[in-house]
Amino acid sequence: MSDFEPKIIAFVCNWCTYAGADLAGTSRIKYAHNIRIVRFPCTGRIDFMLLLKAFQSGADGIIVSGCHPADCHYTAGNYHARRRWIVFQNLLNFLGIDTRRITFSWVSAAEGAKWGHLVNEVVDNIKKIGPYTEYAKLGKIGIGSISEGNYARIE
Amino acid sequence: MHTELNAETLNLNLKHKIKKDTGEDIMLCYQCGKCTAGCPLNDEMDISPNQLLRMLQTEIPDLEEKVLKSSTIWLCLSCETCFSRCPKEVDLPKIMDYLRSESMRQNSVNKKASDIVAFHRSFLSTVKSVGRLYEIGLIAGYKARTFHLLQDVNVAPTMLLNGKLKIKPPLIKNRSEIAKIFDRIKELEEKEK
Amino acid sequence: MKIGFYPGCSLEGTAREYNESLKEISKVFKIELEEIIDWNCCGATAAHSLNKDLALALPARSLALAEKQGFNEIVVPCAACYSRLFTAYSELNSEPEKLEKIKEIIQIDFKVTSKPINVLEFINKYIKPDLKDKIKNKINLNIACYYGCLLVRPPKLLAVERYEDPMIMEEIIKITGAKPLDWAFKTECCGAGLSVSKTDVVNKLSGKIIDDAINRKADIIIVACPMCQSNLDMRRKSINTYLNKKLDIPVLFITQLIGKALGLDSNKLGLQRHFVKVSPELFMQKGISSDSVSNKIGVEV
Amino acid sequence: MSRIGVFVCHCGENIGATVDCAEVAKMAKDFPGVAFSIDYKYMCSDPGQTLIKEAIKEHNLTGVVVAACSPRMHEPTFRKVAAEAGLNPYLCEMANLREHCSWVHYKDKSTTLKAAELVRMLVEKVKLNTPLYPIKVPVTKTALVIGGGIAGIQTALDIANSGHKVIMVEKSPSIGGHMSQLSETFPTLDCSQCILTPRMVEVAQHPNITLYTYAELESLDGFIGNFKATIKLKAKSVDHSVCNGCGECSAKCPIKKIPDEFNAGLGTRPAIYVPFPQAVPNKPVIDRDNCTYFRKNGKCGLCEKICPTKAIDFSQKDEFITVDVGAVVVTTGFDIKGTDFFPEYGYGKYKDIITGLQFERLASASGPTLGEIRRPSDGKIPQNIVFISCAGSRDPAKGIDYCSKICCMYLAKHAMLYKHKVHSGKASVFYMDIRAGGKTYEEFVRRAIEEDEVNYVRGRVSRIYEKDGKLIVKGVDTLLNSYPVEIEADMVVLGTAGIANPESESLAQKLHISYDQYHFFAEAHPKLRPVETNTAGIMLAGACQFPKDIPDSVSQASGAASKVSALFSQNELTRDPLIAFVNKNTCVGCFMCQSVCPYLAIEKEKIKAKDGSVIREVAKINPGLCQGCGTCVALCRSKSIDINGYSHKQVYAEVMSLFNERSLEYV
Ligand SMILES: Cc1cc2nc3c(=O)[nH]c(=O)nc-3n(C[C@H](O)[C@H](O)[C@H](O)COP(=O)(O)OP(=O)(O)OC[C@H]3O[C@@H](n4cnc5c(N)ncnc54)[C@H](O)[C@@H]3O)c2cc1C
Ligand SMILES: Cc1cc2nc3c(=O)[nH]c(=O)nc-3n(C[C@H](O)[C@H](O)[C@H](O)COP(=O)(O)OP(=O)(O)OC[C@H]3O[C@@H](n4cnc5c(N)ncnc54)[C@H](O)[C@@H]3O)c2cc1C
Ligand code: SF4
Ligand code: SF4
Ligand code: SF4
Ligand code: SF4
Ligand code: SF4
Ligand code: SF4
Ligand code: SF4
Ligand code: SF4
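Chains as they are written, first to last, in the numbering used here: chain A, 1 to 155; chain B, 1001 to 1193; chain C, 2001 to 2301; chain D, 3001 to 3667.
One should not assume that every hint holds.
[Said to hold, decoys possible] Covered stretches of chain D (in silico footprint by chain A; criterion: 3 or more residues with CB under 8 Å from a CB of chain A, positions within the stretch not fixed):
#	region
1	3112-3125
2	3436-3444
3	3628-3634
[Claimed, not checked] Restricting the straight-line Cα-Cα distance to at most 20 Å, the calculated cross-link-like pairs of lysine to any residue (SDA-like) are:
#	chain 1	residue 1	chain 2	residue 2
4	D	K3470	C	N2215
5	B	K1180	C	N2215
6	A	K114	A	P69
7	D	K3107	A	S27
8	B	K1128	C	L2050
What the hints contain is simulated information worked out from the structure, not anything from laboratory work. Cβ atoms here follow ideal geometry from the backbone N, Cα and C, with glycine treated the same way.
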């Protein structure tokens, strides 16, 4: 397993974590290359079905990160994201996806170093857990039909 | 993140033990002194109620020891005046209850408080054997424990005259049950240790 | 109507007159106070001073027995017992683990459904509504209503309105024609718990209370707790010695006062049992017919 | 068919040293839909920009991905470039090869590979971009100021003086607020009326200000630049256009014993009244709740008979007017707790225990005692006075955790004023901490202690009771080992907590602004946007946000006014069009979205049949209010909301691009 290079997708908000990742860059903080960042206006925008889709397509791990609890640029989007995350965790458990594959974190625009640590930590963890190979199963239980604009509903 | 309560910190700090045992958070106290200002017994106490909390806040072992050896914890009447007025809702009487049992456990009972402890002990032993309070038994027991043989000689005869003292103990039917309650609690305590 | 009754130890002994007067007035309102069979001591200050499990277990047994007898409510005239029973009632109701532990200790299975009520709640609910119609003697006295600690505190637990300046007794006695006084010490502590072990403290605390009542021209003090009564009445001699004054204001239970207003016989209400004697003229002087209080016993103060 | 152009920037060595930029450009050429791809040393330089512009034209590009630095740095630059080449600016995206790739990884094949993937993500996204146009909204250059205390007065004057119209709404019969009740003000001890009155008059006379007193906001609709406010003008029963303010009516009104609000209940006033001599406007209103004419069906009417100008008009009705405004400033101030709030201090039953505001009236030369400190019960001059700080504040048991911020200062002021007036008197202040953080504030408090010898005792008072005409104050001195301090006082002043106005919650609902747990209005950001609310176009100033003193209220008021002026300096507002929109056909009308939108941008829209009957209700997003957070998008279960720039399809395409060709094997 030593040469396993996991694919990690990060769903981050534009105001805090995206900027924090920028700061990591300006500070030349080195971290693992396995991360791909998708920019969102706010963690509140992040639709958790998209995360499932990412797993179904072959992501090995996911980071969701935004502003610290009281600092949301839009005042409360991150709060709603967290609330949905709790529900979503149950769904993951139900689907048999190891919840350790998703990391929920707060990285502010000033926390470049924290971003670097976070990425390294997640990459190490996922390397330990191993590649995500059960995506076929997700297709079987009906997530396969998810395509843009046609998502299964999560409560 | 609050500090984990592990055995080590438990051994060190009275403050944490109180939190665990009674749920009362000593750190809430901001030393306004309102409790002391209203305490009917403050004049008699060797440590005023707010100072007592401050001493516990510091976690200094010497001060904790002083608290357990204080007369304050025995003088507190549980009148609840402090608690009802405390802006931070610190339940001092509950903390005092805890400190009393802790003080007994550590054999640190203040000398001046020995009368009070003796009274409480006599009271409970009457209850244990009779099920209810039996004044004559209580006073006799108390006097035997404290050698305050002459106390209340001026009241007792009138009590008797006014029909206020029962000569016979008010035995309840299931006295053994009461004694068992005492015993089970003792057992539980042994186990917890 | 029947209602559960937990007399508590004092009402069997030092506060017999409280018991007698409560029963007498209840009779007038056709209420039968039915004693909890085989009730035990609540543990008082001693238990919760020394052991918190015991402080719950002792009252819990009586609560459990009351439940077995089918009482929703139990009248607990002694404020100290009431405090212990009510604390146990609330704690066991809100903390299921504690309840489990206590059930284990007392070896009785119960659900904590019998609610302790104090004498003021009892009077308010069952006596006050019809009191006016049954008054025979108007009480024409200035009265200091003394609550002490445990009828009003801690307010969070007991949910008493105006806990620093309660008006419950005042509202009740106004119906009898009495004039309640505005005074400063109605909820100050009398030193109850240290009655025997620290008599000097009692002298000081109770002394202040009596002094203020007299300064405000009270004719009598009324109470609803045997501890308060015994401190203010039984210990009067030593209080007077301590204050170096001769204070002779009588201390009556509220039930005795109501009894007088209902026209009941003083001796049935136990007025002869007081240390500070209740002079027969007290009720007559003010122009109210009164039977004579047996003057045989009572100390000179 | 998309024709995407990819422009890979070396950023000199910044990207070029770590990422093989030529290789990335080469790979990009093979991505589906890419029509043109090139790498260049500095894309943002003039030649770089020209390169992009020419490629757009030459290759007829339908979208552009600039693979360079962070979009947070240069997105506006390249969007402008696209626009200049005739392409809609929102058809340009940036891939972040510098901050998120070359600077954080080592030179390695995997780094170049990552760069290519980042490009691919954005290529997939930009293919789905649609042309967008900035939202333009017109601005009505009139401001509504609600509340006429010092904060409202300052705001109104600042806006009016910068040339814009202001409508001020004050609920009581006069403007002035709490400041008009104060005697002298810390930290300079100048007379409150003297500095306030000229400003009140200025408000009344300013050509740009329309003042409505005895009026309240009824409702507010619309959005920034375009609000519609309905104002209720309460019936004054006096025609102010003819009344000359002679005061005959008040003098003759037989109803005289109404507790006087202006004197904090220490005096009385008639039913027809001007709240205080310097009131603006200085004309009376009839308090209908207390006037005999209104209470007893037309009896009395004395004022009508007596009025020389025939100004009394009993038939007046409440009137409603609607005004268009572009911005709103809320300056409704605060309230203070009364003495009945304190069980341990007698539930308000002792007449000589008063609030700080009542003390202000006693100390004021225009007050009921003409400035002499006399106690309410018997008019005697107190020889021993006690002040109690934090009365209700910093008291979680009473539901108020916060420090009211002003009381430490005004109690020091009171003690000082008392000592100046009653030289032989003794003044004590019970306190827990002395909070005197402000320019010359600490010096002020020290002066009270050092020069005026006010006795500061550290400790909270446990109880006050009355005995033989004295108030017994029981405390301890915690600096003296909790030594008991029992003072026989003649009068006690409680520094009671400053609290939100009782109607603040309903006002917040009318305005769609948020409030904190104590019902004070919430600012958009405690540090960086302290005078704005979360609703664009609505500002805050003064004590309605939190208890504060005059200097702070005034600074905040000027801040709010400058925000309004900045808004009014534009004829139109331009906003990014990255906002949400609803698909009416699929929306099921659950309005879950409405409950989460932090900007209250989601409204209900009725879908009507031809005959005008309502078929169903759906969500509608107000583009003036939506800030584009996307919370509603994620929440809508029927997927009926989408958002420009971060649409379902776009983010989807980004994610999928990473896996459709897992690891880009063809490199
Ligand atoms: C006892 C005391 C002493 C003080 N001493 C000093 C001092 O010495 N120095 C100092 O700097 N500060 C002092 N202050 C603080 C000072 O009073 C405040 O800083 C100031 O009044 C705040 O002004 P404001 O305009 O925000 O609020 P306010 O003065 O409360 O004015 C608000 C106005 O809005 C009106 N209003 C309320 N609701 C509505 C509504 N719904 N619609 C329309 N109108 C409405 C009110 O009628 C009022 O006119 C003192 C405060 C107190 C209580
Ligand atoms: C240790 C510490 C901790 C703090 N923590 C907090 C906190 O947690 N939260 C909080 O809200 N506040 C905090 N503050 C306060 C905060 O730092 C200040 O409120 C804030 O910095 C003030 O901003 P300013 O722009 O007025 O002044 P400054 O930050 O001092 O900026 C002044 C600028 O002007 C420049 N300058 C100076 N003279 C000239 C000149 N003659 N010509 C041209 N330029 C000049 C300086 O170089 C500087 O860039 C803290 C302050 C300190 C000291
Ligand atoms: S009243 Fe409460 S907060 Fe104040 S000193 Fe006492 S315990 Fe502490
Ligand atoms: S409960 Fe104890 S500490 Fe508190 S006021 Fe009463 S006697 Fe004092
Ligand atoms: S209403 Fe008439 S009497 Fe009253 S102030 Fe105006 S003009 Fe004078
Ligand atoms: S009608 Fe009479 S009571 Fe009413 S305001 Fe006029 S004078 Fe006063
Ligand atoms: S300003 Fe002073 S008196 Fe007022 S709440 Fe804060 S600390 Fe207490
Ligand atoms: S000077 Fe600073 S540290 Fe001292 S009291 Fe003021 S704010 Fe606090
Ligand atoms: S959440 Fe979706 S379905 Fe519900 S009202 Fe909003 S847009 Fe319509
Ligand atoms: S995107 Fe955000 S601001 Fe816009 S309507 Fe949706 S929740 Fe409200």
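Hints, verified against the model:
Using a Cβ-Cβ cut-off of 8 Å, 4 residues of the region 3112-3125 of chain D lie near chain A, which meets the minimum of three, so the contact claim holds. Here's how the region 3436-3444 of chain D fares: 0 of its residues keep a CB closer than 8 Å to some CB of chain A, so the rule of at least three is not met and the hint is violated. Interface restraint, the region 3628-3634 of chain D with chain A: holds (6 residues with C-beta to C-beta distance below 8 Å; minimum three). At most 20 Å may separate the alpha-carbon atoms for a hinted pair to count; K3470 (chain D) and N2215 (chain C) meet this at roughly 14 Å.
Proposed proximity of K1180 (chain B) and N2215 (chain C) is contradicted: the alpha carbons are some 51 Å apart, above 20 Å. A hinted pair counts as satisfied when its Cα atoms are at most 20 Å apart, and K114 (chain A) with P69 (chain A) qualifies at roughly 16 Å. Of the supplied pair hints, the one linking K3107 (chain D) and S27 (chain A) holds, its CA atoms being roughly 17 Å apart against a limit of 20 Å. For the suggested pair K1128 (chain B) and L2050 (chain C), the alpha carbons sit about 14 Å apart, so the restraint of at most 20 Å is met.
Figure legend: structure checked against the earlier numbered hints; hints not met, in rising order: 2, 5.
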